[in-house]
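So the protein sequences, as listed, match chains A and B. Per this note's numbering, the very first residue in the first sequence carries number 183; after that it's consecutive. Per this note's numbering, the very first residue in the second sequence carries number 85; after that it's consecutive.
Check each hint, because a few of them may be wrong.
As the list claims (entries may be wrong) - Calculated Cβ distances over 10 Å to all of chain B for the following chain A residues: (1) H209; (2) F213; (3) L215; (4) H225; (5) H235; (6) E264.
Unchecked claim - Simulated coverage check for chain A against chain B, where a stretch passes if three residues somewhere in it have a Cβ under 8 Å from a Cβ of chain B: (7) 184 to 197; (8) 249 to 257.
Claimed, not checked - Simulated crosslink set (DSSO-like; lysine-lysine; CA at most 27 Å straight-line): (9) K272/A to K251/A; (10) K272/A to K300/B; (11) K188/A to K424/B; (12) K181/B to K357/B; (13) K220/B to K453/B.
Just so you know, these hints were derived from the structure itself, not from any lab. Beta carbons are placed, not taken as given, at the ideal position from N, Cα and C, and that holds for glycine.
As a plain string of letters, each chain reads:
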Amino acid sequence: MNPILKIHEKDNVGTCLRLLEAGEVVHWESFSLIVREEIPQYHKIALADISLHSPIYKYGQIIGLATQKISQGEYVHVHNIESIRGRGDKKEEC
Amino acid sequence: MKLMGYPRENGTYGIRNHILIIPASVCAVEVANRIAEKIGAVSLPHQHGCCQMGDDFRQTVRTLTGFGCNPNVGAVLVVGLGCEGIQPSQIAEEIKKTGKPVEFITIQACGGTTKTIEQGLSIVSKFAETLATAQKVPFSINHLILGMECGGSDPTSGIVANPAIGIASDQLVSLGGTSILSETTEVIGAEHILAERFPDAAQRSKFLTMVSNVEKRALAVGEDLRGSQPTPGNIQGGLSTIEEKSLGCMHKAGNTAPFIGALAYGETVPTEKPGLYFMDTPGEDIDSITGMVAGGAQLVVFTTGRGTPTGCPIAPVIKITGNPETYYNMEENIDINGGKVMQGDCTLDELGEEIFRKILLVANGAQTKAEKLGHKEFGIYRIGFTF
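So that you can see chain B by itself, here it is in the shape it has in the complex (with noise of 0.2 Å):
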């Protein structure tokens, strides 16, 4: 099948066409929110963007600035309150370099809520506009980016949904595509068997150490990691231990494709390097698929065995779970039934094929169930504290 996509002005291609308004804090949100809802635009509410630091604050920043450079955004608007940590003028020149319209606006300097909000639908107007006539063209599988998520795992998650999504990234990669395997907290038990396939021995010790710090940190807190990870919801399906459900999470990597590197939350996914990819980003799947996203995935493919509407802002998100029971109680959130599997009804195989092929009719720009149902969820992962 051929993908067509929204050509960018540094070779990449965008699968959706989004206009996005980014608040630079958590003071700026009312404000981006309103824009965006005059005009139909999106908005990333979030809680974050100023008082933060070191790391904490660059991986703030590295989100923000990623959600503006992924392909499929068209141009954006950030929306800041002035004097916070996070300059609105910093993330704007960043996004600026991948050639797409970027401006920004301040409600200090603009004079108070109305005056910004009139101005910044002006702006966001003409950016209307110019997306208006925006034709697709035909790009190369080498340009795509997946994002691979598991959120309510279940068991049988571990025995159908994420060996399937494995089958999938298999394809995808083996055509010349890229994945993301993330939730380093969900590696915790399976790092042994991951890291042999990381031909290059400094991608897997950055992978290995990425494991151990996130572990180091929940231990420091001193107590027993059940109860956060597995969650009550995993318990109550089926899944004892960390182990168990990371075992089970790892299959979303399937079995054939090298990782070609480990990233951090947010950064950006070599495009001259396709291939597999892991990426440091925690088990919850709001914060984790943010990470991706950021990373530049233009979709993701999200496998649960209780059942979840997540969505994303910017990007499309499959949901497939392998618990037929969970398909029938929330069809209206997810995409593909993969207890037909567990019902003997259809083969791994077959389910796996299945999903690439859901992946690709995405990519062209079929709806998926979460934004159908305007599923916008956001979250940037925090490694540090508010001062």
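Pulled out of the complex, with its shape left as it was, chain A reads as follows (with noise of 0.2 Å):
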């Protein structure tokens, strides 16, 4: 089984099957990376480069802006991205 679900093809982020250890070296179809950093099952993965304020997708849909420039490989949640909506801290910039 592959060890990170990509769900669409415009997603820059995957789903780690299992914990994903730093260094592993990950192959699945005609595609590897390097696994950067330790994740947790079931968080994701960068699949590509992403520059800070650019788009996260899943499922082909954005799910959020990054929030510092993130590498393929690198741990990707909470601390590296945000949301967009439902965000009362930043009302006087909308």
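Assemble the dimeric complex from its two separately framed chains, guided by the hints.
Here it is as structure tokens:
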């Protein structure tokens, strides 16, 4: 079984189907990448380099924006992406 | 499979036959609970019913009335204090229109706790005698209303459990039944996709207004929604944003059925127009399930990534997880292990079929784990203040 699930071709993050360890090289289909840090099961991994403020795609849809530059193989979660919606804390900027 | 249920005078069918004790307000809850306990009936403990206003007041009335009208209820006793905002007679009159036996009493008119319990027990004993002779009859799937819920979500919910429920929902609707997608908060970020499935422009716009109203309410608090939605448990499980949660949540609505309409919280599902509906409920599971059951849902399917024990006082709740570890951790509470799809041991279509078969079995009387454990969670979605 593939260790990473990419749901839609547009996605730049995948879901880890098991815990991935730092330094692991993961191959599936014609794709391979180096895991940069430990990522828990069912959490997300960057499938490509993602620049600051650019959209994160899962299900082929935007699930948020990068709050920092993210490299392929890095762990993607609340520490480096944020919601666009429901942001009362950013109300003045809207 | 042939469905068997209890026929009601208004043309609906119950898949359970409960005697329901409805406290009109928080002041009558203890007395209502004691009547229910003594005779094996079901009560609805809640904290509301007085000093409410406007839409919030009407929503609470609609919820309590809706539970009384739900086809799974065979007879109703409304217990009030007597002076509360929601008058017990008002709820009883509305429920009486279904044709089922309904009575109301108040603590002030009966003369205190003990006398009210005595009088309540005397009324409910007669209900029990009537219901004891009730016979099930065959009924069409057109009369089956399924509520759909997800709670304690993790990434497996969006990948396995919700899409599998979507398959079961599509099958139910294609056979002429009804299912309800709920949880407006968990539509934020996915509304553009769901909106395309409303053929009726007026209903589509009603749906989009519901979503934007909830987001406005969240924005008015002036803080980041994150931490409330997704919850700390969602985040620990691997969901990072409300958009990600919503895009997983929406899969419960399947792929093929169009949305017929968008209903207010607890609004009665039009039984003459079966199909897929949306209901404006909060992301909080108990309040959301309560709204759908008040609208007439006779049973609920509930996906959970993290695990939850939730039941309902009058409707069976079938629990499904997409996370194999969660299933083994909380097997006592979870009916179906969808984790086998994550492990590659079965397909999504097979899981969808298993859920559909389970829906029919439970409709015909098979007990869910929540029923066996006696889970009866009940919560009314408040949209205003108590004065």
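What hint numbers does the structure not satisfy? 4, 6, 8
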